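Trainee: Residue strings, one per chain:
2 protein chains.
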Amino acid sequence: MAGHGSSCGACKFLRRKCNSDCVFSPYFSYEQASSHFAAVHKIFGASNVSKHLLHLPLHQRSAAAITISYEALSRMCDPVYGCVAHVFALQQQSQITLEILYEKLISDVCFFGLRNQMYI
Amino acid sequence: MAGHGSSCGACKFLRRKCNSDCVFSPYFSYEQASSHFAAVHKIFGASNVSKHLLHLPLHQRSAAAITISYEALSRMCDPVYGCVAHVFALQQQSQITLEILYEKLISDVCFFGLRNQMYI
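In the order they appear, the protein sequences are chains B and E.
Position 119 of the first sequence, counted from 1, bears residue number 119 in UniProt numbering, the numbering being contiguous throughout.
Position 35 of the second sequence, counted from 1, bears residue number 35 in UniProt numbering, the numbering being contiguous throughout.
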């Protein structure tokens, strides 16, 4: 149980009693019910996420709940690409930075090559 | 309908008749039933994905089906981080490349600054 006395964000959203063994309560606060858990339920389904978390050891559930929320919220913002849009954007950014670095190194090789020729 | 005569990968997996108006058939081939669609169903649930695709205009459904499959397959491979692991890896790679580029630029500024001082 978490949040306002008796219910976690998931149970508040699902309008059910929150028990002491609720799998969601450590990861979804009462205040996040209408934002995070609503997205998680709409995109993944509460039952699927519950099963998924229960299959994980306790120490890994927090990271799983956070990444599942991130994927769900991303999919709500961008229904076509979801968080894969972030993967694309980062790939592109990484590619651009690598190209700038590559050009910088090539221009250095040319500059120092020319400079060494002048001193020979 | 797609694939081996009468069924798409989703309907093959769900063991149901594949109709001409099946929302999955253009995006899940018969051969992908036990790989892609099994993951999609396990992680998102066929019903959620069906609703999601039906809410999108036709021309965006293919990209959505691909990115949903990508997220589902990533979550099967890495149940804790899913495709968010790729986001982390790309952020780290991008950060490292930026740091190398930054150090390269700083060393150039120092080199050319010193060189100009020698010529003054």
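No lab work stands behind these hints, which were simulated from the structure alone.
This one's a predicted model, so the numbers in the text were calculated from it and none came from an experiment.
Where hints are given, some of them may not hold.
Since the list can't tell identical chains apart, any single copy or any two copies may satisfy a pair.
[Unchecked claim] Here are the simulated DSBU-like pairs of lysine-lysine, each with C-alpha atoms no more than 35 Å apart in a straight line:
1. Lys51 <-> Lys17
2. Lys17 <-> Lys42
3. Lys104 <-> Lys51
4. Lys42 <-> Lys104
5. Lys104 <-> Lys17
Trainee: All hints are to be evaluated individually against the structure, with a verdict given for each.
Mentor: Hints, verified against the model:
1. Taking identical chains as interchangeable, the C-alpha atoms of Lys51 and Lys17 lie at most 35 Å apart whether they share a chain (18 Å) or sit on different chains (28 Å).
2. Proximity of Lys17 and Lys42 under a CA criterion of 35 Å is satisfied in both settings, with 20 Å inside one chain copy and 26 Å between copies.
3. In this assembly of identical chains, Lys104 and Lys51 lie within 35 Å of each other by CA distance neither inside one copy nor across copies; the values are 51 Å within and 49 Å between.
4. Proximity of Lys42 and Lys104 under a CA criterion of 35 Å is satisfied in neither setting, with 47 Å inside one chain copy and 47 Å between copies.
5. Taking the closest pair of Cα atoms, Lys104 and Lys17 never come within 35 Å of each other, the shortest separation being 61 Å inside a single copy and 59 Å across copies.
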